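The lines below spell out each chain.
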Amino acid sequence: MEIDILYVLISVLAILSALLVFMFKHLLHAALALTVTFLASAFIFSAIGQSFIGLLQILIFVGGLSAYLIAAVATETKLKNMLKPAKFFAATAALSIAFTAIAFSIPQSAYLPSTFQQSASATFSQYYAILFIITLMLFSTAIGGVLIIKKFKRLVV
Amino acid sequence: MFPYLIELAFILFAIGLAGIASDRHFVALLLAVELIMVASIIALVSFFTSSTSASASPVIMLLSIWAVAATEIIVLITFYIYMKYNGISFDITTLSKMKW
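Line order of the protein sequences matches chains A and B. In terms of the working numbering, the first sequence opens at residue 1 and continues consecutively. In terms of the working numbering, the second sequence opens at residue 1 and continues consecutively.
One chain only, chain A, in its complex shape:
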């Protein structure tokens, strides 16, 4: 099976940055490493031909969530506990080996040609009400978060 070298490099980058999330001691560095993982996943979507999903991944995760997360932890001065690397890598390796066995036991007949664009078209034409509900849910959550924070007298918003 032909594997694109670009895909392998991006996958290695995603895995390394995911490991660095738990290796960095400072929260800001961990959040930046997670942003690299988000970016790598977006490039992987583009590499398999789902550029629209990759674009949305960048818009939502990198542009929205990561910016919010980094802005929140940028002023954090306390350091998180350093992990014990031996236990962390042992747990990661054991889980990865177990999941590898599962991934390669999936029959090859499950991997068939793409119709994701048709699914996206059906979503945005027939099921736009769900998008509207999701938007309302996110908006109400953001307002609820602001209201919760404003209840605290010691915090100036």
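Heads up, some of the hints might be wrong.
Said to hold, decoys possible - Simulated crosslink set (DSBU-like; lysine-lysine; CA at most 35 angstroms straight-line):
1. A:Lys150 to B:Lys84
2. A:Lys150 to A:Lys25
3. B:Lys84 to A:Lys25
Said to hold, decoys possible - Per label pair, the in silico range of CB-to-CB distance:
4. B:Val75 to A:Met23: 41 to 51 angstroms
5. B:Ala21 to A:Tyr128: 38 to 48 angstroms
6. B:Val33 to A:Ile133: 33 to 43 angstroms
7. B:Ser64 to A:Leu55: 30 to 40 angstroms
8. B:Tyr85 to A:Ser125: 12 to 22 angstroms
9. B:Ser64 to A:Ile148: 16 to 26 angstroms
10. A:Tyr128 to B:Ile65: 16 to 26 angstroms
These aren't lab readings, by the way, just hints derived from the structure by calculation. On a predicted model such as this, the values are computed, not experimentally measured, just so you know. For each residue, glycine too, the CB sits at the ideal point set by N, CA and C.
Since the structure of chain A is already known, use the hints to place chain B on it.
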């Protein structure tokens, strides 16, 4: 390529799961959960890219995951600010002391 894509999703999921199991910091757990969300999105896209059906369920599921991830970040960052400005420890073992 798709078995390797699912394998990548599983590895990211394993890293996130190991991070949750081995860290007690509140924000570190938040980052680990986000990592698991990304892994689930990669698995979902890889599975439904290979599907031959033209139903809208894959995109709806994808949008649901994105919505849950965004909502989770907003709610947990709110709690993070609450804990920071009220002097509550970020160790999750002390979260049971939080009262509304």
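These are the hints, each one checked on the structure:
The hinted pair formed by A:Lys150 and B:Lys84 meets the criterion: a straight-line CA distance of about 14 angstroms does not exceed 35 angstroms. A C-alpha spacing of about 31 angstroms is found between A:Lys150 and A:Lys25, which places the hinted pair at or below 35 angstroms, so the restraint holds. For the hint pairing B:Lys84 with A:Lys25, the CA-to-CA distance comes to about 18 angstroms; that is within 35 angstroms, so the pair holds. Range check, B:Val75 to A:Met23: about 27 angstroms between beta-carbon atoms, so the 41 to 51 angstroms window is missed.
Hint check: B:Ala21 to A:Tyr128, Cβ distance near 40 angstroms, so the stated range 38 to 48 angstroms holds. Here the CB-CB span from B:Val33 to A:Ile133 is close to 23 angstroms, at odds with the stated 33 to 43 angstroms. Remark: the range hint 30 to 40 angstroms for B:Ser64 to A:Leu55 is contradicted by a beta-carbon distance near 18 angstroms. Separation of B:Tyr85 from A:Ser125 is about 46 angstroms and departs from the stated range, judged on CB atoms against 12 to 22 angstroms.
The beta-carbon spacing between B:Ser64 and A:Ile148, approximately 24 angstroms, falls within the hinted interval of 16 to 26 angstroms. For A:Tyr128 paired with B:Ile65, a C-beta distance near 18 angstroms keeps the hint of 16 to 26 angstroms intact.
The earlier numbered hints that this structure contradicts are 4, 6, 7, 8.
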